[in-house]
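Now for the letters of each chain:
There are 2 protein chains.
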Amino acid sequence: MVILICFSPQMLKIARRKAAHLLKYPDVQVISLGIGDTTEPIPEVITSAMIKRSYALSTMEGYSGYGPEQGEKPLRAAIASAFYKDLGIDEGDIFVSDGAKCDISRLQVVFGSDVTMAVQDPSYPAYVDSSVIMGQTGDFQKNLEKYGKIEYMRCSPENGFFPDLSTVGRTDIIFFCSPNNPTGAAATREQLTQLVKFAKDNGSIIVYDSAYAIYILDDNPRSIFEIPGAKEVAIETSSFSKYAGFTGVRLGWTVIPKQLLFSDGFPVARDFNRIVCTCFNGASTISQAGGLACLSPEGLGAMREVIGFYKENTEIIMDTFTSLGFNVYGGKNAPYVWVHFPSRSSWDVFSEILEKTHVVTTPGSGFGPGGEGFIRVSAFGHRGNVLEACKRFKQLYK
Amino acid sequence: MVILICFSPQMLKIARRKAAHLLKYPDVQVISLGIGDTTEPIPEVITSAMIKRSYALSTMEGYSGYGPEQGEKPLRAAIASAFYKDLGIDEGDIFVSDGAKCDISRLQVVFGSDVTMAVQDPSYPAYVDSSVIMGQTGDFQKNLEKYGKIEYMRCSPENGFFPDLSTVGRTDIIFFCSPNNPTGAAATREQLTQLVKFAKDNGSIIVYDSAYAIYILDDNPRSIFEIPGAKEVAIETSSFSKYAGFTGVRLGWTVIPKQLLFSDGFPVARDFNRIVCTCFNGASTISQAGGLACLSPEGLGAMREVIGFYKENTEIIMDTFTSLGFNVYGGKNAPYVWVHFPSRSSWDVFSEILEKTHVVTTPGSGFGPGGEGFIRVSAFGHRGNVLEACKRFKQLYK
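From first to last, the protein sequence lines stand for chains A and B. Residues 188 to 585 (the working numbering) make up the first sequence, in order. Residues 188 to 585 (the working numbering) make up the second sequence, in order.
It is worth saying that the hints were derived from the structure and are not from the lab. Keep in mind it's a predicted model, so treat the numbers as computed, not measured. Take these hints with a grain of salt, some might be off.
Copies of the same chain look alike in the list, so a pair counts if it works inside one copy or between any two.
[What the hints assert, rightly or not] In silico lysine to any residue, SDA-like type, Cα no more than 25 angstroms apart, as pairs:
| # | residue 1 | residue 2 |
| --- | --- | --- |
| 1 | Lys384 | Ile403 |
| 2 | Lys333 | Gly299 |
| 3 | Lys445 | Gly299 |
| 4 | Lys333 | Phe449 |
| 5 | Lys239 | Pro556 |
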């Protein structure tokens, strides 16, 4: 049996540091702009659908038991129509899940332990963590802060946060998150066209994480499937968590186009379907009712209003750090602000900010070695807290 | 990448046969006593808690985002107190899940692909299916209807549905479901004491599935942890699905006692915790509110009332087959009736019943080769449907 002594301890360490800080300063108001957890209420047009479904479950006419493991048909159709209209994706390509993180693991089970992986560096730790669990990564090389068998695609201000693919080795799977967590960078159409070509040339499968696509303001693609040919090389996974404040409600989806085949011609979607039917029993039907309400015209409007609120937070944070003379990245197309502290350890910066301002951020190095020298500031927070945190940042770095 | 051509197609085949039957006989009333899906409304004392939580999510005071991956503390405490009182299990040993099937797969990820497995024969297909996916099973031996590397523990009327452990080979993991799905047999205290001793002698871990324990009427154990020493050798997984009609709401739990260690002394719970934190993000908080309401005094009473209703269904089905001269098993401690059709193919019996009575049952052979010659009749159904199905059984087999 595998013993996982190499599990990424980033979030645990932050939580411990926060708890220790609270013990040390029991009377201060600690503000969390650390983990990307939503803070604003879910619009009533969405919760009322969940209330209605909950009530229906107590009636003879409205009760339902097991739903399809792949999700309820109307929700699959609504997701296809809301996010993939005119992209050749239909409801049969959509698998409803209890969140993108869970589907990333189920995808890893499909891939098995004998595959090779590439990840953006920095990126959301779940890709590497789930690879570790499947035994794909090889040993952790302490001096490099890297796993031996993972290809780290460096994304930095120097390359516009898009990897130089000419230096990237061939892997079976490429995890790619856009807008990226933590850098906030959204890949352009040209960049994604390069990525799709790279995957096609190498016989790789892209797992494209678009969990923040709704935050994109400019005309960069919201889906990998906007790129011609992507349906033959890519899976897309996304979530209602950051779209509708569903971090606790648990609802997401994964798109596996029927055109995506393993090298022997077997459809990837059929394999994933088997995993979903064996390892999962569908998302909660109450959550699914909420998801369907999100995608009604009123729901979409209400959802965008909350996102607009978080985007105002983002601007406040960006303006603050910019005015203090920092180089600030992300923010425009994502709820994360990626602040550069050149030549400094990101854990030292994290500690300095926590100690001096009582604000919890996230040290960049937890997202991969390429995150060293940065901190991520999340825009999920009540307005008063964001304003107060920014006031404290200004006092610290003025 | 593994291509899973050997996935158990039982449920799919039944669904297809049912659909074909509906096409052939568009005007008949087809009654499903096949898959174990609950049919009766969830008591309002439970749904009202889910309504309340859904509403709270739309308020500033009541909103919450990510919960602990292991489940909310009050629910973990309530599960420990409701089902494991005085058994030395505390809330820290409880992991809340989105259902037993999902947790079985997460356990398989903990175990990895290099372990050996034993299952009751017959038993719930998820154990073998998830083993297949993890690559633990070896090849399927068509002549035996068995996987080469799985130890099948035959459970039949001859051995009182408890395996003769003196003939069972040593495996790393032993899946044991009691009351058993499909046979309905609940193991006695003496039998479970034997099983715990067997696991201890062999250094095996028992995964004890108690998803139907609330249906036990006699004084057989409701938890493996009633057996002295079980905490050192067993994991228990269970679910609100059949307790409270939560098949669509999705809520379950797994107990991993802190005393359970791998052979190198590493706590199994710590490994499972890592998998849960990496591959899962907690059950829906709305479902968890429902689960907590289930365990209030009113909720427990309401839950037992619905279970009492299903138990009356079970008696009606048992009486019917008994009166027709069949040997009937299960039923007393489980919502499943296991009917013996000696020397007949269970798929033939399934087809005969479907064709002649328009009632969907489940052929026993889908639960393992030991299920051949049996059909499982589920007691989940509206009373009118159960009575009508039994009337038709009487006409067919009179």
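Okay, the hints, checked on the actual structure:
| no. | hint | in the structure |
| --- | --- | --- |
| 1 | Lys384 <-> Ile403 | within (23 angstroms within a copy, 60 angstroms between copies) |
| 2 | Lys333 <-> Gly299 | both (21 angstroms within a copy, 23 angstroms between copies) |
| 3 | Lys445 <-> Gly299 | within (20 angstroms within a copy, 29 angstroms between copies) |
| 4 | Lys333 <-> Phe449 | neither (28 angstroms within a copy, 28 angstroms between copies) |
| 5 | Lys239 <-> Pro556 | neither (47 angstroms within a copy, 44 angstroms between copies) |
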